[in-house]
Every structure is written in structure tokens, then in C-alpha cells.
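Student: So you can see what is in the structure, the chains are spelled out below.
Number of protein chains: 2
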Amino acid sequence: MKKIVLLTLISGVAMSFNLFATTQKLLAKKEQVTNLQWVDPFIGTGGDGHTFPGAVVPFGMMQLSPDTDTVMRGVDPQPEIYKRCAGYHYDDHTIVGFSHTHFSGTGHSDLGDLLIMPMVDQVLIEPGTAADPDSGYRSRFSHDQEWASPGYYGVELLDSNIKAELTTTERAGMHQYTFRKGEEAHIILDLTTAIYNFENKVIWSDIRKINDHTLVAYRATNGWANNRQMYFAIEFSQPIDSYEFINLDDNRYRCMGCLGKEKHSTIENKQVKEAAGKAIKFVASFNNPTAKPIKVKVALSAVSKSNALENLKAEIPDWNFAHVRKQAEQKWDGYLSKFEAQGTTAQKRQFYTSLYHALQAPSIYQDVNGEYRGIDGEIHQGKDHIHYTLFSLWDTYRALHPLLTYIAPDRVGDMVQSMLDHYQQSYDKMLPIWSFHGHETWTMIGYHAVSVIADAYLKGIRNFDTKLALEAVLATSNSPIYDAINEYKEFGYVPMDVLPESVSITLEYAYDDFTIARLLEAMGKPNDAKAYFQRAMSYKNVFDHSVGYMRGRDSKGNWDPEFNPEEAKYMGPFTEGNSNQYTFYVPHDVKGLIDLIGGDKKFEQRLDALFDTHLSDEMIKEHEDIAGLIGNYAHGNEPSHHIAYLYNYAGKPWRTQERIRQIMDTLSSDKPDGLAGNDDVGQMSAWYIFSAMGFYPVAPGDLSYAFGAPQLPSIALNLSNGNVFKVEANKLSHSNKYIKSAKLNGQVLKLSFITHQQIMAGGTLLFEMSDKPNKQWGEANADRPPSLSN
Amino acid sequence: MKKIVLLTLISGVAMSFNLFATTQKLLAKKEQVTNLQWVDPFIGTGGDGHTFPGAVVPFGMMQLSPDTDTVMRGVDPQPEIYKRCAGYHYDDHTIVGFSHTHFSGTGHSDLGDLLIMPMVDQVLIEPGTAADPDSGYRSRFSHDQEWASPGYYGVELLDSNIKAELTTTERAGMHQYTFRKGEEAHIILDLTTAIYNFENKVIWSDIRKINDHTLVAYRATNGWANNRQMYFAIEFSQPIDSYEFINLDDNRYRCMGCLGKEKHSTIENKQVKEAAGKAIKFVASFNNPTAKPIKVKVALSAVSKSNALENLKAEIPDWNFAHVRKQAEQKWDGYLSKFEAQGTTAQKRQFYTSLYHALQAPSIYQDVNGEYRGIDGEIHQGKDHIHYTLFSLWDTYRALHPLLTYIAPDRVGDMVQSMLDHYQQSYDKMLPIWSFHGHETWTMIGYHAVSVIADAYLKGIRNFDTKLALEAVLATSNSPIYDAINEYKEFGYVPMDVLPESVSITLEYAYDDFTIARLLEAMGKPNDAKAYFQRAMSYKNVFDHSVGYMRGRDSKGNWDPEFNPEEAKYMGPFTEGNSNQYTFYVPHDVKGLIDLIGGDKKFEQRLDALFDTHLSDEMIKEHEDIAGLIGNYAHGNEPSHHIAYLYNYAGKPWRTQERIRQIMDTLSSDKPDGLAGNDDVGQMSAWYIFSAMGFYPVAPGDLSYAFGAPQLPSIALNLSNGNVFKVEANKLSHSNKYIKSAKLNGQVLKLSFITHQQIMAGGTLLFEMSDKPNKQWGEANADRPPSLSN
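Chains as they are written, first to last, in my numbering: chain A, 11 to 800; chain B, 11 to 800.
There may be inaccurate statements among the hints.
Given that identical chains are not distinguished, each listed pair holds provided it fits within a single copy or across any two copies.
Think about it this way: if two alpha-carbon atoms lie no more than 30 angstroms apart in a straight line, the pair counts; the simulated DSSO-like pairs of lysine-lysine are [said to hold, decoys possible]:
#	residue 1	residue 2
1	611	681
2	535	612
3	283	439
4	736	782
5	348	753
6	611	348
7	736	173
8	323	579
9	393	323
10	302	550
11	579	550
12	782	393
13	305	283
14	736	566
15	736	477
16	323	439
17	612	173
18	750	323
19	741	499
20	283	566
21	283	477
22	439	535
23	741	579
24	611	785
25	550	191
26	782	566
Just so you know, these hints were derived from the structure itself, not from any lab.
For reference, chain A alone in the conformation it holds in the complex (with noise of 0.2 angstroms):
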């Protein structure tokens, strides 16, 4: 807090000295009560959150921030490397320098493209170690002097005292390093760094001065995107006064023929500025650093070098650092005052804080000239919407992309029309799985993006090609190439000797069909939605009756053997997890989960035997993923997220209410690790937004909201229908966290849920708080949603 109030007056200082200042002194009253105080980037770069704290607008494809310890060329994979998914963790105390690329929150990663570091007189071309960082160009820092909100990032190196300062706009940040001491600083650009490095990531680079301040670059590295092509326009603030190309490539190209020379019979071009290959450095450096801050200006595309160098144009034209600084937070807050939440600082920054981490992807993909690099490599011209990639559709679809119909409603059509970008460039004609940078991963199951499509739709946002919409979900959902959509339509499930994580997937593509079933309805095609609707009660198809479970089950139709239901095998029937959680994967059809597992009262107590029995380290030994654990509930991975809302459905809600409580308290704060595992682009946060208001989407495509409990005392959302919709929570304490009763614009609310029409329509649903919870109210959810069995 200290720590974000002196940064706030010392940007208020800068600004008084630019044109922006007067401006800015009208807005000034305003400021004070700006939502960016509360955001505190640092929430999740601890424990297993894997967010980043750097410099990144909302959506932004610029995401400038620093890495603790990226693997370096030549040095081995480091055991530690899940830990810096996103370049920096929380623990580490050295940083090795700030790049452009970052995912925040995901399992997996890649990205980092382009490290910068300033140094002073020496000159160090490789990182160095964290254990001895003085043998190469990376700095000591320290938590005391580091600083982060949203759209600005800076530190304090302790090793060159140096003050490193980042902004950005969408498409190009810029650094500003404030030199204290030497004679000569040196800033190195290092394309040999990635975030989940490993020998021979980098295919293919090259930088190239162009002129006294100016440089083009482009990396091709194979990651987890294969041949994920990135270029770079860099531009320093004051002529370089000399430099250095570093060629530390050792399979480079030599000529055979030429008798064991390099050349072949002429002079190479030594005056060239360029270098080119596998591993390639740049080292600008300026006489006299002290005089002013040097800084640097970075521009990414994905398309080319001079679209890079337009990009850099158009966002950053001049060198207010203070003006790019003052632009990426009034982004910041016009998305920030999208909700006006009270209630103690630490939930503020909770709050807020999540809030900030809904808002990073999925991003801006296309250069400012609406050019962009497509799923098929091929460049292509957006027309007339936003191109967008990053989409980490397994996690997000469950509540991220729900949330962003409610505080990005003006991009959720241009994310659903990147999603048919993706559909009509893929040669698989699918849409996308686990897509990002042009690149399809296929992580993870399901063919979710159907979901995100029909709830779009169905909330009324139509500013996409609705038409090849339909076309999309239907050719996707029948996929012959994907998985195993044959196999699922031929015998009612995935068989587990056609497919490991055979059970999540019957239940994924069960409860994403009930989406094209939705969205066909919409649509006004009964038939083809009962078709769906059929497909979408193929989960009964692995529920063993025999034992209770969703369980693996083969082609000849006989059960798996070895079922264990806490066990969570690598390459098993479940997908991180086990069945003890999967089970509850019905989220469409909660009613009919209930039938099979035999009523209300024996589906309260399966609940709670999954909160409340210890799953051993044993059972889940393979899995990095699950973590968060109340009993055999993850909250920390997205299997889990909608199960402390199912006791809703058995008329059971002041159970639920206690469970959000619980999870609320042990497995989130406003620390640095304060999320329970991976914010998963998004999805852990806007499961906590969700929940902080005190309802749920349990089943996207559904448009109804199960109760939890609200957890701040006031929140209203302003829709962009000009509505409020606020939620006001009584008497709610430390022990007052159960619903006492709850009324919508004064008419008492007998049920547990809420429609998203209620939401759009706005006013006020307010809660009485207690200590003590109302069994009675909601017990008679009789007409509880969603229910295909209804």
C-alpha cells in the first residue's frame, strides 16, 4: 500500500513538467478516487500463481516485464522452471532482465522474446547466475525497491544503481533506465533468452541497426508454439555512441567448399549492421549515462519488421516516458471502475487485483495497419474487428469469458470473430483448443470455445458472423480429426483404450454440446438442439451405477479395473484429477447427476466427502497442477471451480455458502501468494469476482447463476446497458457469511439463483447476512437450473 500511495505522487510530480499536466490537473479530483490503488500486480507472482508483475495495458500484446530467471542458452533445464511460467517468481532475488512477452497464470508457458538490460561500465554478455549473479549482467534487487501498477513496473538494481522503469501502450512499451554512476552505460539485447527455454529453442534470429538509434529484430523459437515468429522495432531515446553484434552461434553457416575458410573467394561485408542466427546479441552503449535517463522504446508484431516499426509509430510517437504512463492507466481505470466494490483494504486488493488479471487475454493480436499472423502462418487483414489470440479455452471458458460479457461487452464479438478467424485459417477446420500466437498447442480437452460462443450469443452480443458461428460449433463438435468425436458419437463416450483421460472428455464434450443445444435453440433450430441436447446426456455413459462414479470404461463397454477414485493418473481416465472430482462434471444437468448418485441427501454427502477427506500426495504425484486442496477439492485447477456451488442444487445453498467462505479464507489473499495455484489467464480471478458478488456461472450457456455467498460488504457493476447492478451484503462479517434472505429490487428471492437477464436489468440484489445459516431458504429448489431432465 505505502508503497503504491509514493508512487502515485511521484507520477503526479512528473506529469506537472509535460504538456499532458494540465490535463491531468483537471482529472485530478478524479484520480483520488480511482480503483488503481488497489490493484497490487505482485498477487500471484508467489507460491503457484504465475502471474507477472510488469507493465501490460487491458488485452495489451505488449507485456513488458522482468525475468528472475529464464533458462539461458546452453545451461540445462532447470527443476524449478514451472515456478517462472511467467518469467519472475515472487522468491527470487535477482532479475535478469525485462522482456516483452509474458502469459499470466498459465500452466505451461513460453514467450519472454527479447530481454533488455541495462548495465554500467562492465560489459557481461551472459545472465549469470542466480547464485552468482555478479558473473554476468543481471542485478540483486530487492522487494523494498520494486514497484508495480497497473501499466507501470519499476526497480531499483542494486547491482548497477540503476532505476528501471516500464509503460505500454497495446503494442510497444518503453523502458527507462535512470543511471546513477559510470562512464559508459551498456543496454543489452539478448535474443537468446526464453521463458521455458532449452538448447535450440531459438530457431532463427536477427537484429539489424538501421540507423544511429534504431534497430529491427526477429526471433523464430520453437516452444510450445512450433516456429512462433515474433519482430521487434527498437528505438533509443539518444544515438547510440558505439555497439556490438554478438554471433555466439556455433553451428553457423560456413562455407564448405572454401578449403576451411569461412568465406567463399570474397570479403564478407563487415560493415553491415546486422547479425543473424541462432544465437544473437546486441550491446548498445552511451557515453555519459548520468546526464539523463536513457530509454528505450519496443514495438512487437507478429507480421514483419516494418509493421513493428509502425506499430512503434503510431503507439509511442514521442519520449514521455510519464504521458505512455498516464495513457495505460486511464485504460487501467476506465476497466476499473467497471465495478465500485467497499470492504476492507485486503479485499479491495483482492478485488481489484483480480480484476486486473481478468484483463490481460485474450490479446490484441494485429498489428495498428490490421494486419495479423493467422492460425496457417499466412498474413492476413482484419477488416473490420479486432484480431485476438490466447485462448486458454479449457480455464476460461468457465467464468472469465462469462465475466468479460459484462466488463469488455464491446470485445467479446471480436474475441468469438478471432475464434472464426482461427476456424476459417485452421486446415483442421476446428475452432480453437489451447490456441495462442498463431499457433494451435491442443492442450488440454474438450472443444470449449463452443461454449464461449453460445453464451456470447445468447447474452445478445451478435457483432460476429453468427452465421459461420454456426457453422464453426457444428464442424468443430463433429471434428473428424479431433480426439476422438467419432469415437464419442459412435459409442455414446470415449472409450479409454482409444484415448487416455477418456471420462473428462465424454464429460467436457456432454456439457459443451449442451451449449450448441442452446445456441441452436436460440437460433431457432429445435430439431438440430435436440440432437444436442441428446449428445449432451452422453455423461450417464461413464457413470457407474455399480459404484457411484464416473469411471473409464473401454469399447467393449466393460469398466476400468483399476478404478481408484482418488487417484489422479498421468495418462489415466481423468484429466488432472480424479474421478472423486469429476464426477460432479455436469454441470449442465446437475439434476440428472443428482438422480444417478441418488438423490439430494447423498449427493450433499458426496460433496462434502470431497471437501473433507485428505487426498494423499500419492494420489497425485504426477499432477503439478492440482493444488489448492481442501480435501479433494483443487481450487487452485479449473476442474473444481464449480462444485461448491452444486450443493444449490440439492437444496442445500447455506452449504455452498459456507464451502466459498472456506475456500475464501484458506486459499486466497493479497499476498503474493495469494492464489491457490495458476490465475490460468484469468479464470481464478474471475472465479473470485463471481464469488466476492456471491454467484456463480456454474453452466455457461445457461445464462442462470448459482448462489455462493457475497464476501464484500457493496459491489455494483456498471453494465454497459448504462444499468447498475449492485450487490449489497448486510451485517456481513467474519461469522455472519451465510444468506439469511435475499431480495432483488425489493422482491424476496425464493430460489438460490440468478439469470443473467436479472443482472443486465440492474438494481440492487441485497443480501441480509447472519452467523447462523437458513436451512430453509432455497431447500425447495425445485425448478433449479439448468436441468436437462426437466
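Given the coordinates of chain A, assemble chain B onto it according to the supplied hints.
Tutor: For chain B alone, kept in the frame of chain A given last:
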């Protein structure tokens, strides 16, 4: 000969079965007098000619040709790699496969993209060795069952009993494989092989099956051109019955956080019909292969897969191999009919094969939709001209480009415009030096693009941006970053302590500056011209009067103390040559050079000494390019090409006549090893064509030609202006090699020179030949051009 006649018949038979046949029959009479029959693509495939025998159309982007020994992945570079710059060498006995890009006659190499080879029954995925062809998919072959003619190549693969045939369009090629045995045919697409291959040459590749008979592929290689990108569209004439993707990339991406597992907590989509990595192959299999030939169409693009598909569809829409071949032959026939030559079969074979080799490059480097990849790596749209690549300018400015102004004048303007594209897109703001496929190799010396531009402009070719051309010529010749132009301007020569090859560079800059002066003159800028005429005199600054030779000189003015006029020292003051040769490199002021050397007599003695003094291997041990020796004269390399003509300037044309015949008799033949050295993308062939006609452009840009002696009894050149320029040599014979007299259109020629204007005016240049030299004729070459000293 017999082979080619037979082929014409086969082709005729094939044609009668298609729609095209009627037209062809009408053309049949004309076909009987076609010059196609005289072209033998095998000439130059032996010795060090470095030409390829495969199928190509004039200036085609696609060069589809057999490779007899490329160096494979994981195999050590072969000592004889220089021998196989064109992929094929006549000495070899096995064919590895057929690849789609080849240089014609270069001394260094690259390319060999996408190797395709058919097999029967047994699938082999490695090529095996020449010593043990059965160890891989390669096959033995015999020249007795091998056929090549313009636009066609065929061979019997003896191990598999498959007849392989190839033909092409500009951007696409067709393979036709006739199987005579076997249950199953296999066709491997190998993305790991390359010409001038070496470990890690393949940066990245991928291949994808997009339907049952079509694939698209990509490959980036690091060779002479770094990160050279090529895209492929591949279509089979029948559906693939089964297939295999092969990924031998042992460095391919493995998830490092996945506890030893390859994939991260999900199932890789194995059904995606794609492979990507650094060592990718694909095998297509077909049942019942003897039923009908299996054909494969392949199109190239340097821009994208979609462009490759578009090129394929546009250029080879159907499966009519004979039709594609016939089209290719018609294109060749159009160019080959530019000349009507009489002579012995061997002479006509040499002459028309030279013409064939002179029409290989610069080659088209642009897709049918106009897009091409520029020197900046970016995609550009060619609006009003065809974009060409492959500017081997140090070689080709001498005779090839001057020749093209007569035989392909319609293309010359576009070639110049392509060099201007290069200039505009070059970060270095330079015209090409030695460029191909969007890459400047900086190979060889000088800035000879200016010579090509000046020669074209002076000859009245103006269909390019002449204003931009002037800008480019001036910028290039004053480039602050290229080699040693700065020092050249400062000292009047390139000091040997600044750059190796300093004398050669000085001399060639001086010549180039002469052509710029000529251009400026023609553009009406006499003052600017004067300055360049002055620069053109710089050759005098490296002439050491004390020894009478061009000699290395340092920046203090001291002469090279290790001077030896015979020594061709690697990284010494001369480029692929010695002072004996380079002292004659003042093509633009031979009179001035004669004065330096001490008058006509001394000059003649020095020329004689050049030809008559044996050059020991010791002196040239490091230069594989210095070949085709007569004494110190190296016909196999370009610095010598003009030297035999210099006797003219000393009033001794009869000595030139003797030397030309000596060179013709001893250093060229119509056999595979008939070229005395690398054809160098047509330069050697252009030398032959001019020399066979009896004259040669000693100093392009001057527009004068010095006489040698006609070598064929009659050669008529059909000019683009409708005129015919005919050279007749009365009484020419083995002994009658001397010119007794010469008449142009009945007017006696007293000097042994002719001008471009005289050629373009058409008419007959009639030589009377004799077995005795006419020592008086041309003795008084007082006004011998060109001369700066006049």
C-alpha cells in the same frame, strides 16, 4: 543427338492424344526446324561446369532436376561438395532424388529444395550412400537411359525399374513416375536434404496433408542465404492410399515441466496430419502402381503456402504431362529461334546449349498474384513488373547482361527494376552485389549492378524507373558501409591494409565508375559525369611503374613488399586471380593501360607472356575457381574473359583471332565436361555466344565490341526491332581462323570494332577468313574505343 530425336517423336505421339494436338500438328512443320534439338543440358554437368540437367523454362523460378549427391543430415561434409554445386554431377552413378531449385553454373551453392524420390514396395527413409545405394532410397542410373532437353528430363531408375520424368512451368513442376513392378508405390518427400548441405542447415520445416491428394510444406534453411524461406504446394494425381509423417528431429520440443513426459497434461492431437521440425519427411503410398503413372505437381512460393497453391492452380491446372512439356518447349523455342546458326553439329550443340544456359537467370521470384519476398524479408506486391532474383553480378555484368539486351530485351527493364526493388528494400540502400532469394550474400567485389543499368539505359532500354536508377547508382557507388568505398574515395585506391583483394576492388570500382559516368552523360549531367570519369582513372593509383604491374598498396602509399605477379593468394590483393591477370583489368581505358605498360609492343608482349607462361599449381592452390588455364590466362574464371580481346587495342587483332580459336579449341566442347569452369549463371555461355559471332563487349557501358573472329560460318540474330543482324564467315575452317577482311553491309571495316548501334541497325557483317593473318588490318586502331585518354 539420337536421344533427342527419339524424344521429339515420343513427345509428338503423346501430344496426339490430347486437345492440344491439333494445334501441334499445325506447328509440326515449324517444329522440324526447331533449335531445341541442338540443346544438350548435359553439357556443363561434368568437369566444373556446375550446370544441372533437369527441367526448367527460360528464367523459371522452378528448376526441377535430379540430385546425384547432396550431403545429408548427419553426414559429414563431403570433400567433393564443390563438384555438386548444381546437385548433379555427370561422374555420378546414383540419383538421390529430384529437387526443385538449382543454380546454373555457380561456384558456390545452396538450394536443392524438397527432394522427391519414388520407390517400390520397400520403404526407405534415408537416401543411403553412393557406395552402397541399396542402403537407401537412392537408385543407380545410367546415362544410356537418361534424356534431357529444354523443359524435360527423364531417367530410368535402375534399382526400382521406375521411369522418372520431369517438366516445368515458371513456378511449378510435374513429376511423372511410371512403375513397371511392385504391389505398392512409395514417394518420399524429404525436407532434410539440400545442396551444400551441412549439419543444422534446415532451420525449420513443416508439411501438412490438406486433403487426400494435396500437401503444403515449408522450409527455412541457413545456407549461403540465411533463413531462406520456401513454401511448397504438392499434389498427387491420385488419392494417397496410406502415408507416414516422419520426424527425425532429435532436438524437437519436449515439455520440460512435465516430469519427463513429452506433453503437458493433455493428449497430443495425433490425428492432425502435420509434422514440423528440423528433420521432416513424408511418405505417400499408393496401391497398384503399375496401373498408370503416378504424377506429382509441385509449385513454389517464397511468400506463403496459399501462394504456392495459387501458383500450382494457375500454372498446371490439369494432369497433362505432355502438354506442360510442350508449353515449356515452345517457350524455349521462342528464345532459341533468336539465333539461326550454321555450323557443325558440335558447334550448333555448343552454341544453342550456351544460349540455353544464358537464359536461366536472373530468374523469376514472384508469385502469379504479384507478391514476392524482398531483400528486407518482407512481402511486397510487384505492381507493374516481374520481380527477378539471382544477380551473380560480378560474373554476369560482363557478357550475360549485355547479351540479354539482344535476346530478352523485354525482360531487361524488369531485371533492372528488380535491382531497384532491391535497392529500395535494402536497409543498406545498396543495389545488389550477389543476391538471390531475398538475400544479399555480399559475395565477390565491385558494384557491377551499375554496369548492367548503364548498359541497358545506354542501349535505350528505359522501361524502369530511371530517376530511381540514377539515385540507386549514385547511392551504391558512394555507400559508406560497403567494403572500402570511403577509402577508395579518400586515397584514390583501396589500401591493402584496409581490405583484402584491394587491387581487384580498386580496378573494378574504377570500371564501374566509368559506366556511371557514361550513364550520367546520357542523362544530360556532364558535370557529374566528369567526376565519375575522374574516379574511373583510379586504376592508375594501383599501377606500380617500377614493376609495371598492378600491385597492392597500403594507406601510406607503400607497395606490397610480398608482391609476386603470379601469386593468387587467398585474401591477398587480388580476387580469384593474380596480378598477371588483373593488370589487364582496365576494360574502360585500354589505351591508358597500354600507355602505363609502355606502348603497344610492350603491351602485346605482356599479353603473350600471360598466355604463354605456365602458372604453377603452387601459385593458385587455394583457388578452386581458377580453372581453364592457358598459361596464366584462366578461361574458367571471369577476370580473364576480356583479355584475349585486348590485342585489338594494340593494333594486333590477328593475335586476338588466334587466341580466341585457341580457347575455343582447347577449352570448350559439346561434351558434359565441355565447360572450362563454372558457367557462372550464363556468363561463360554468353562469352561463347559473343565470341562465336566474332566480337565481345570488353567494356559494357561503352557500347562498342572488339572483334575476335567468327567461329561458325553463319549466325543470324533476330533483333527485337525486327532487324536481322547476320555474321557470315566466308571460307571459315580449321585452318582459316584469321580475318582477312570485314565488311558491314558492304562497307569495308578498317577497325576491328563494331558498335551496338551497328548491330541494332541489322544487316550483314561479312568476314573473309584466311589461314594467314592479315597483320595490317586493324593495325591502326587509332580511335580504338573505349578510352578515357582520348
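Student: It remains to establish, for every hint, whether it holds in the given structure.
Tutor: Hints and how they fare:
| no. | hint | in the structure |
| --- | --- | --- |
| 1 | 611 / 681 | neither (38 angstroms within a copy, 95 angstroms between copies) |
| 2 | 535 / 612 | neither (37 angstroms within a copy, 99 angstroms between copies) |
| 3 | 283 / 439 | between (43 angstroms within a copy, 12 angstroms between copies) |
| 4 | 736 / 782 | within (24 angstroms within a copy, 113 angstroms between copies) |
| 5 | 348 / 753 | within (23 angstroms within a copy, 94 angstroms between copies) |
| 6 | 611 / 348 | neither (40 angstroms within a copy, 96 angstroms between copies) |
| 7 | 736 / 173 | neither (43 angstroms within a copy, 80 angstroms between copies) |
| 8 | 323 / 579 | neither (52 angstroms within a copy, 50 angstroms between copies) |
| 9 | 393 / 323 | both (21 angstroms within a copy, 27 angstroms between copies) |
| 10 | 302 / 550 | neither (69 angstroms within a copy, 52 angstroms between copies) |
| 11 | 579 / 550 | within (22 angstroms within a copy, 83 angstroms between copies) |
| 12 | 782 / 393 | neither (57 angstroms within a copy, 78 angstroms between copies) |
| 13 | 305 / 283 | within (21 angstroms within a copy, 47 angstroms between copies) |
| 14 | 736 / 566 | neither (53 angstroms within a copy, 86 angstroms between copies) |
| 15 | 736 / 477 | neither (35 angstroms within a copy, 69 angstroms between copies) |
| 16 | 323 / 439 | between (36 angstroms within a copy, 22 angstroms between copies) |
| 17 | 612 / 173 | neither (61 angstroms within a copy, 74 angstroms between copies) |
| 18 | 750 / 323 | neither (58 angstroms within a copy, 71 angstroms between copies) |
| 19 | 741 / 499 | neither (52 angstroms within a copy, 88 angstroms between copies) |
| 20 | 283 / 566 | between (66 angstroms within a copy, 28 angstroms between copies) |
| 21 | 283 / 477 | between (51 angstroms within a copy, 28 angstroms between copies) |
| 22 | 439 / 535 | within (22 angstroms within a copy, 61 angstroms between copies) |
| 23 | 741 / 579 | neither (45 angstroms within a copy, 94 angstroms between copies) |
| 24 | 611 / 785 | within (14 angstroms within a copy, 122 angstroms between copies) |
| 25 | 550 / 191 | neither (70 angstroms within a copy, 54 angstroms between copies) |
| 26 | 782 / 566 | neither (51 angstroms within a copy, 100 angstroms between copies) |
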